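*Asks:* If you want the building blocks of each chain, they are given just below.
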Amino acid sequence: MRVAHMSTTYVLDHLDHLESEAIHIFREVAGEFERPVILFSGGKDSVVMVHLAIKAFAPAALPFGLLHVDTGHNFPEVLQFRDETVERLGVRLDVANVQDYLDDGRLRERADGTRNPLQTVPLLDAIEAGRFDAVFGGGRRDEEKARAKERVFSLRDAFGAWDPRRQRPELWDLYNGRHAPGEHVRVFPLSNWTELDVWRYIEREGIELPGLYYAHEREVFARDGMWLSAGEWGRPRAGERVEARTVRYRTVGDMSCTGAVESQARDVSGVILELAATRVTERGATRADDRLSEAAMEDRKKQGYF
Amino acid sequence: MTTTHEAAAAPVSQPRGIPVKVRHDLLRLATAGSVDDGKSTLVGRLLYDTKSVLADQLDAVERVSRERGLDAADLALLTDGLRAEREQGITIDVAYRYFSTATRSYVLADTPGHVEYTRNMVTGASTAELALILVDARHGVVEQTRRHLAVTGLLGVRHVALAVNKMDLVDWDVDRFGEIVAEFAGLATRFGIHDVAAVPVSALFGDNVVERSTRAPWYSGPTLLEHLEAVPVGTDPSTQPLRMPVQYVVRPRTADHPDYRGYAGRLASGVVRPGDEVVVLPSGRRTTVAGVDRARADGTLEELDVAFAPQSVTLRLADDVDVSRGDLVAAAVEPGLLTRSVAGTVAVLSERPVRRRDRVLLRVGTRTVRALVDDVVDELDIGSMEQRAAPDGLGLNAIGRVRIRLAEEVPVDDYRRLRRTGAFLLVDEADGSTLAAGMADAPDRSAGEGI
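Residue numbers (our numbering), protein chains in the order written: chain A, -18 to 287; chain B, 8 to 458.
Just so you know, the hints here were simulated from the structure itself, not pulled from any lab data. It should be emphasised that the depicted structure is a prediction, and the values quoted were computed from it without experimental measurement. Each hint should be verified, as a subset may be incorrect.
Covered stretches of chain A, as calculated for chain B (at least 3 residues, CB under 8 Å) [as the list claims (entries may be wrong)]:
(1) 37 to 43
(2) 57 to 63
(3) 178 to 187
Glycine is no exception: its CB is placed at the ideal position from the N, C-alpha and C atoms.
Let the sequences and hints guide you as you build the complete structure.
*Replies:* Structure, rendered in structure tokens:
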């Protein structure tokens, strides 16, 4: 016995489905928490999150502020994009600076110069200072193996720690956001999106991104199989030759560990075509920090990372 | 060959007359099976053969396979997530996998077979429209298969794909396949599952997973992926009554929208149009839908002629009724029933047992109410499907029937009919943890009176 074929009028496209789910998540948080905040770096996932949040509450204003952890090695064009977005939306932005922590000795620079792992402490301090009880992150389960087991509502203790063995089971769309004072919940509205879904949605909605997501000429040098861009964070070492290449970024994290890929994709549809043909994952291609070990992401998450 | 596949598998349908799809839709499925059934290998195979595995992931799998002295890449490694899982060779938690084809995107809840089995399977199945159940061709339907089917049926997953795996180890014996399918289909019917499609596969070699096998000429049905591509899932929203739990009240109070008041929510079931008569529960106030709004990409409002489950929308109501988070907007013609007593089946998910006289919180839709466990009626042995007394309550991974008294009247639907508004959670009042997942029975009209 089969269910009769559904009338196609009432079938949701998969992007509509993902959008509806994300909007539902934003509204649940607005309804259940006192002080939510959206982590916003100017990267594509956080830009999509803010776009969805605006749609969730229209025609009212976004009921949350934004929070950015600035490693001090961010791409200048991304920071500019971040500030323009904040200005345009008229929302509040809190910035936690890793540089401040390095300057006064609360954190020390790592031997490898990578600052991504250093973001955890400023992030937790900012959450505590802002008394945020829900923190939206753009993490997706398709990004990485440890993320594949992350909940949409992920409870963190006062140390921001994630214990994969003590996660709450998550059933239907009944998200349980109960937490004790001092605890907070990380919320991932894009959990079920893939990199390609994000790009298709950017195309459909006409969402603007920082220019370095698209192919452009850039002075780069090769290290660990990635194209890195010289900047305040560091220079090419002896034997690393700087050359002009046509590249784009698939992720825009800390400059010291975010690499570019060679690309001819100058617009969204070009990126989508390129992704459909790509043979390497987003993090594998462009994130040196995830190559540290098999469990690099799992370890950082346990310590309170994004 | 003495039997044909069709004859042996009489109760099992094969997809035919596949309609031309107009849209790229989303299918959520949950896998069930143990490591020994080759589940991780099958999932790895689905990902690999749909080109969802990229070069760096494959490099890692090949490297580890070599380190372990294997000749070929062990695709099961693609689905390992946490360090403890890799070290112990087991899967601890539900993991979500993504792959897509030209016609569908898939969200696959990969549920482990060994540790905390019920908890994980219940979680994975709660959002699934289809369950993919594995059986080892050598062992056939075993105790674990019965549990998989029981949970699948209990959670209201109406479509099952049976992968009879390791067919290479029984020499692609058509009779063996037919036997297993017949037994499985019989059981499935008992658990209320009427849509079963069975495919003989070898996940290790990739036969009939994505690529068609040449080793089973007697099998004329689709490959596993072909079946997933074609199976119609979901329910036509127009056949179900409207339910929309209110999540949030949208009140901009701006110059452009000084008096706008909208009720934001995701349709749990049904269809809604401007002009529809609705009832707000639990207050029981009747009103009319004045508008169905959705934001455009630029943040301006679009007024829809119709919205349907599971869309997220904002409803405007004609009268100045008092509506807030936790309320339910329901079809006036069939609003369901308000009750102060919920009878249903719960699956216990926490170390803390569910016992008679326990004070808990009950979450249904967007509403959370104080509740008292009036009675633990019995515990279900999901292997034998027999009920037994549960004098000590229900422990972790147990499934049983309970009766719960609520501090206030709440609308609850029959889970078997309306999944989203018949599902509930029991939550620990002290530490906020999720104690149990519940599925409500049809409300009993006589229950809950006079409390």
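*Asks:* Indicate, hint by hint, whether the structure satisfies it.
*Replies:* Tested hints:
1. Restraint check on the segment 37 to 43 of chain A versus chain B: 6 residues with Cβ-Cβ distances below 8 Å, three needed, restraint holds.
2. Requiring three or more residues with a Cβ within less than 8 Å of a Cβ of chain B, the coverage given for the segment 57 to 63 of chain A is violated, as only 0 such residues are present.
3. A stretch counts as covered by a chain when three or more of its residues have a beta carbon under 8 Å from one of that chain; for the segment 178 to 187 of chain A and chain B the count is 4, and the coverage holds.
Consistency note: the structure conflicts with earlier hint 2 alone.
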